[in-house]
Structures are given as C-alpha cells and as structure tokens.
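*Asks:* Sequence:
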Amino acid sequence: MTRRQISTTIILTVISLTILVLVGLWLMRGNRLESWLDYRAGELMACGANNPLFNEWPVERDKLASITPLGSMDPENGWVFPRGRLLWQTKDGETGGSDSRSVRVKVAAPGEGWLTKVAEMEYWSEDKMVDRDYTIYFSPCQEVEARFYHIQALEPKLAEGTKMNFQDQFSYEERGLTVRVREAKFTLPLRSGEVMGWAGGADRRQAFDWGMVDARSKPLVFANSLIEESKMAYTVCPLNYYPAAQQKELQTYLGDGEKKRSDDPLCGRIDQDVVGSLQGRWRAEKMEQTMTEDQHVALVHDVLEPQRPVISMGTSLRKSGLKAGLYYFKPKETGYVNRDFSRATEHGQVFCYQGLQDNQGQTIQRILLVELVDDKSLKMEARPGFSCASNNYTFSDRKTVFER
1 MTRRQISTTI
11 ILTVISLTIL
21 VLVGLWLMRG
31 NRLESWLDYR
41 AGELMACGAN
51 NPLFNEWPVE
61 RDKLASITPL
71 GSMDPENGWV
81 FPRGRLLWQT
91 KDGETGGSDS
101 RSVRVKVAAP
111 GEGWLTKVAE
121 MEYWSEDKMV
131 DRDYTIYFSP
141 CQEVEARFYH
151 IQALEPKLAE
161 GTKMNFQDQF
171 SYEERGLTVR
181 VREAKFTLPL
191 RSGEVMGWAG
201 GADRRQAFDW
211 GMVDARSKPL
221 VFANSLIEES
231 KMAYTVCPLN
241 YYPAAQQKEL
251 QTYLGDGEKK
261 RSDDPLCGRI
271 DQDVVGSLQG
281 RWRAEKMEQT
291 MTEDQHVALV
301 HDVLEPQRPV
311 ISMGTSLRKS
321 GLKAGLYYFK
331 PKETGYVNRD
341 FSRATEHGQV
351 FCYQGLQDNQ
361 GQTIQRILLV
371 ELVDDKSLKM
381 EARPGFSCAS
391 NNYTFSDRKT
401 VFER
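259 is the number that our numbering gives to position 259 of the sequence shown; each next residue is one higher, with no gaps.
Honestly, the hints are just simulated from the structure, not real lab data. All C-beta atoms, glycine included, are put in the ideal place defined by N, C-alpha and C. Careful, some of the hints might be misleading.
Claimed, not checked - Only pairs whose alpha carbons sit at most 25 Å apart, straight line, appear in this in silico DMTMM-like list of lysine to aspartate or glutamate:
| hint | residue 1 | residue 2 |
| --- | --- | --- |
| 1 | Lys319 | Glu285 |
| 2 | Lys399 | Asp358 |
| 3 | Lys157 | Asp131 |
| 4 | Lys260 | Asp92 |
| 5 | Lys259 | Asp74 |
| 6 | Lys157 | Asp133 |
Unchecked claim - DEER-style ranges, computed between Cβ atoms:
| hint | residue 1 | residue 2 | range |
| --- | --- | --- | --- |
| 7 | Glu60 | Lys286 | 43 to 49 Å |
| 8 | Glu258 | Pro331 | 19 to 25 Å |
| 9 | Tyr336 | Asn51 | 45 to 51 Å |
| 10 | Glu173 | Glu60 | 35 to 41 Å |
Full structure from sequences and hints, please.
*Replies:* Take a look at the structure:
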C-alpha cells in the first residue's frame, strides 16, 4: 500500500468514526427525549431555536398574589430540597383572616402546544380518601415538557377523556398517607389560553405549581451524578419563555406576597451543590432515590434572600431533638462556628451551628454539629443548648449520617 493510499485510509477512518460519534449522540438525544416524555418525541415538532414559547398568563392576573421562585423549601410538608417549580399563589377570599380561602382560579394553557398526560393523585388515610388532585403535562414542542401540579379539578371534556384512559400506575407513602397515582396518556392539541382545569379554593392558599424542563438548555451541575443524569438537571424557569415585556411584568410577582427576590437570577435556582463543601443536598445514608424527601437535609441558601444560609431539615434528626423545619443563623466566613456552608471544606473537621432560628424567627434551644467526612458523606447531630461554647464537638450514637 502506498503512502497516499495509507493517508486516504486514515482520512476515511477518521470521517467514519466522526459520523458514528455524531449518530451516537443523536441517538442518545433521542433516547433521552423518549425517557423524558410520555409520547414518541417524533410526534411533535422540534423546538429549534424558538423562544418565546408562551404568550398567555396561566391565571387571570387580578387573582394572582405572588409567584414563589424556583428553589423554595417546606420540609414540614415533605419538601426538603430546593424545588424545581414556581408556586403560583392566589389572593385570599372575602372572609379574610386565618379562615380565608384562596380564590379558585381557571388554569389555562400559556401557549400553543400538546397535552400529553394527566396524573391523578389520591391521598388515603387507611381506608379513607382524604384528598385528590391532578398534574397536567403539556409540551409546546419536542424538547420542552411543562407540568401544572395541584390542579383541583379538570375541565369537563378533559376529565371525561382522562377517565376513559386512566390506568393504575403506582403508590407511595408520604407523611402518613398513601398516595395512589393513576395516569392517562394521549397527544391532544392545545390552544393558547385554553382552560385545562381549576386550582386553589378549598382552604388552599397555594393555587398550583409550574415546573418545566428543556432538553436544549445547559444542564445544571449537582454533586450527585444520578441527578445530573435526570431531567431535573434541565430544569428551567417558565417565565423566561415569554416575550420580554410579559416576562418583565411576571417578574414583579416573584416573592411570597410580602418579600420579593431581588438577586439574580430573579426566577431562583435549584443547583446549589458545592462539591467538596457542606453546601447542597444530602440524603440519609442508605436511603434509595424515592418520591419523598422527608428524611434528608439541604444545607443551602434562602429562596428570597440568597445571601442567607438555611438548614432545611427533614425528620432524620428527631432522635437528637431537632424536628423538621427551616433553620437560619448568622453566617461567618472563617472559624468553626456558623461557617457558611460553601466555605466549610475541611474533611474531618466538626463545625458547630448556634443561634438557630426557626421560620418564625424564634431562637431554638438546640445547636447543630456537622462533620464533612469526605466529599460524599457527612455526620450530623443536634444537642441541647444555645451556645457552641458549652458543648464538646464529639458525636454520640444519636448522630445521623448523610451522603450524596
């Protein structure tokens, strides 16, 4: 074989390998879409570079009170980790006070697209159903999946079509209740502004949640590779998919009705893990990836005040006297007391947290010991007292181990 023939063979081999890699990446992308979406991705048009995708508010603006940004937590109700959803809060009804009900609102499609699935959740206490709500899945195009959670009632035609297609899927335990989930899958066209259901009312201050993923987006970075490989890594803010003027108006609602978020990104964030430090999501040791987060902990920062560290504690430290809840403290950049989580990087060093305040601003009679064992595990234990000075920094058999 001549030198020229050898060169030609090498070039053809390189071209062939390049084509194989590109085909492989395309197939991987297709497989990812197939695993994300509950229909064949090829049935919808590709998104391309299309943005914006929405042009209608999902609720009437005169009934909207606030939109809680991405990254909110509510460990007392099972939400330990920063949530990848916007919480749309409706205004109170006419009764006012603690007995007031949230206004029941129509929930409409924010843009043209396709309705792909409805999930029905029934909440059972022993042999009695105590609640029911729905999750509506829809997509404006192939790479984007959006969900409306906690829909109280479906639009009648949708309800009828859904009932005919329901299949029993699975159940799980959540805060003493058994949640039974049934799903109906289809591909139905949606018009922008078309009513899909109703939310709020029935003593529910929170109307509904809106979550969204976009396969075109740059994946978020987490310490746990299982999260990075899941759709959660492609979580995006739905408000960013509106025209600039509408997006700016919607952003004025970002807050909790009293306090607003002013830090960028205005829509919040869920990717707070800092590898090699205490900061981020931690799962109770040997706990499988499950539907619930009750037993875990997040050492992160507040959704409305990102400079303010918060301990989002699940139920795992009850044996050492710390119940589920949000706990705040005044952070320090150095030392071993109240060190900000992202700066607590020394392996084998016990850090102590004091002056812990609950979500109501009350200082609790507990301190918290935390040791970063290595990049993948930490130990944690609560102790009686207000000050770290009065405690030795050694763990007892009441400690809890977390991992990621």
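*Asks:* Decide, hint by hint, whether the structure agrees.
*Replies:* Each hint, compared with the structure:
no.	hint	in the structure
1	Lys319 with Glu285	holds, 15 Å
2	Lys399 with Asp358	holds, 21 Å
3	Lys157 with Asp131	holds, 22 Å
4	Lys260 with Asp92	holds, 19 Å
5	Lys259 with Asp74	holds, 17 Å
6	Lys157 with Asp133	holds, 17 Å
7	Glu60 with Lys286: 43 to 49 Å	holds, 48 Å
8	Glu258 with Pro331: 19 to 25 Å	holds, 23 Å
9	Tyr336 with Asn51: 45 to 51 Å	holds, 47 Å
10	Glu173 with Glu60: 35 to 41 Å	holds, 37 Å
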